Amino acid sequence: MGVKARRVSRKGSVTTTKHGKRAGAFAPRRRSTRRTWITPLGVATAVLVPAAATGLALAVPHDAAASAATIYLLGVVAATVVGGLWSGLIASVISFLALNFFFTAPKHTFTVRHAQDIVALAVFLAVAAVVGVLVGRLLEARYAAERRADETARLQSFTSLLLSDWPLGSLLQRAAAEIVDSLKLRSCSIEVSMRPDTTPLRAVAGQPSPSAGGAMTEATEATELTVGAETRRLGTIRAEMPPGRKLTGDEARLLGAFAGQLALRVDRAASEAEAQSARLDAEANKLRAALFSSVTHDLRTPLASIKASVTALLDSPEALSPAQREDLLRTSLEEADRLNRLVGNLLDLARLRAGALTPAAQRTGVEDVVEAVIARLRPMLKPFRVRTQIRADLPEVMIDPVQIDQVLTNVLENAARYSPPGSEIRVAVARFHGAVEVTVADRGPGILPENRERVFEPFQSMDAGRGRGGTGLGLAIARAVVEAHGGRISMEGAPGGGTAVVIRLPVAPRPELDRAGTAPFARSGDAEP
Amino acid sequence: VNRVLVVDDEPQILRSLRTTLAANGYEVLTSATGEEALAQAAASAPDVVILDLGLPDVDGTEVVRRLRTWSDVPVIVLSVREGQDDKIGALDAGADDYVTKPFAAGELLARIRATQRRTTRQGQTDAILRFDDLLVDLPRRLVTVRGEPVHLTPTEYGLLEALASHPGKLLTHRWLLQRVWGSAYGEESNYLRVYVRQLRQKLGDRADAPRFILTEPGVGYRWLREPDEA
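Chains as they are written, first to last, in my numbering: chain Z, 1 to 529; chain U, 1 to 230.
The shape of chain Z in the complex, shown without the other chains:
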């Protein structure tokens, strides 16, 4: 009851948050009242409650001192509940004086006529004080228990926040917000360095005062984040109080607990990051080695063929038959094309690594690109039966036509590379939920399901690309480009053997421009030709 009354009077509104969940709204304030000797509210209660009791006792028709004493006693209990122990004790004294003044003869003086009244007053004072102290202690104990439960809940909520797998940056942000909320701070800033040589991560919550600006002020309390027997300093939590408030001992202890938990979490993140970077380093090294050997091989092979062919033509043209000459020239051309593809893919790969392959997306139909690529690759696709199935009324997608052209070229080249001559290559474009799906299915030897993901890794072409002109980069680049478009690319088994590469590109949001058939298309005053 007392709690609720206080919440109303203090906050001006009744919040009905349950304990333990987010009780932060009032609990820390109560704690601070308990700690300080007496609050203005306590003083007010200590004065006003006996006054009210006086009014009530005077209003009672029988102005017997005995019944007045019980009313005052009730007042003392109320004052203790509302204002705390000291408030109750002061109320006891005031009540004692008021009882003396208003209800013992002679009235309206502090003198006491009858000896039994002196005894009654003394008994009243003693009873009031004892009741006040008892009630006060009781409440104090209850508050302490509540406070502990509350602290535990808060710490638990903080810990569960730390257990979540947010990236450290946003985790710190959330932690700062939680601390501000939990301790009713003006602001909280957290600064953390995973290692001494890294730039610290910073998070600020609340409204830092302009003077604070991350620096220490009188209203700021800094807590170090340390782990491992205080040996490693990971960072600092700076808690800024609203004007005129200081952290109570309990709050400081809670802040310390927060800091301890946070330090553990940061430490864990640091070791995870270290492990991750070690893993990436190892992968990068493996990739570099693969790249080096593959590129050396793939660059040198066509160069060797070209050089051999051209020198043969230069050195002894008369020794060669026209058919042989043509053969050498064709070899040079094919190898030059192969070299061109490899260099193009390597450039794309380099750009991907540098993060420079940002799609210049425009609203277009992926089927247009599909058809243009098939049209352009006709010479290469000549040995195969190409069947295109393009659904009508396909929605538009947001794509970079040049990059998606490259993706489809790589996928079709891959299909052509592994398809037996005369077999069918099927290219289908259809709507698939919120995406447009392009499927390129071949009747090649197929790839075991467990190996299908690997074809999208660089230098993982199934026969290592040897002899078939594959560099093992095409599909890796295709995947990177499609994913940069927010799409998906995967390999599936095709009915009747072979594989199907499936590309899904998200449908573009509805255009603001009018589409076909509406006003902008009509040319006014133009008759049918």
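Read the hints as simulated data drawn from the structure, not as lab findings. Accuracy of the hints is not assured; some may be wrong.
[Claimed, not checked] Residues of chain U placed beyond 10 Å of chain Z at every Cβ, according to the derived structure:
hint, residue
1, 13
2, 27
3, 54
4, 210
[Unchecked claim] Not everything, but these chain Z residues come out facing chain U in the computed CB check (under 8 Å):
hint, residue
5, 335
6, 336
7, 340
8, 363
9, 364
10, 365
11, 368
12, 369
13, 371
14, 372
15, 375
16, 378
17, 398
18, 401
19, 402
The structure presented is a predicted model; accordingly, all values stated were derived computationally and were not measured. The beta carbon of each residue, even a glycine, is placed where N, CA and C say it ideally should be.
Use these hints to put chain U onto chain Z, whose structure you have.
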């Protein structure tokens, strides 16, 4: 004899183009910089300019722009695959066509011939364009396929006329939109998509095996077929 100005800062490219073009009966002039190219274009009035976009002094697109202030000489741009925006930029600046490096000699020669045919045809466009079984009667705005009249909407006809009267030339989205829809247009390439699709359907053309209209993704469209000699 036709005169070709080749602008490229790579001596190997100049050498191989000089040989190839000379063997095909062209008189070849070369420049290694943009400024030199502009001076030479003014002094010796070439019939075709072959221009690399990556020049050491002036950007190739800028060369086209400056050339266009006083000359209509056909310009074929040489570019590497990476510079897609450069390509569109050069075409919008007034270049006639582009060829991607590395290119086959035959491809370049075909583009040169196409630009020359357009030049010689200029001012004496046939009234009736015949492309195998497709007939476009410009004065009567009549289109037939295998003798059967094809009904086109005014916009479809405008698009067909724009494409068919520039055979071989790569027409950018912006150019086509402004020509067919009007000067207020330029970004609405989705209009083009829709109408090209309809036009193809009516002409019996297929996008994946085109006879007439070729899509250049992200850049524009090209009318593939030269008109038959009357």
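Original post:
What hint numbers does the structure not satisfy?
Top reply: 4, 5 and 17
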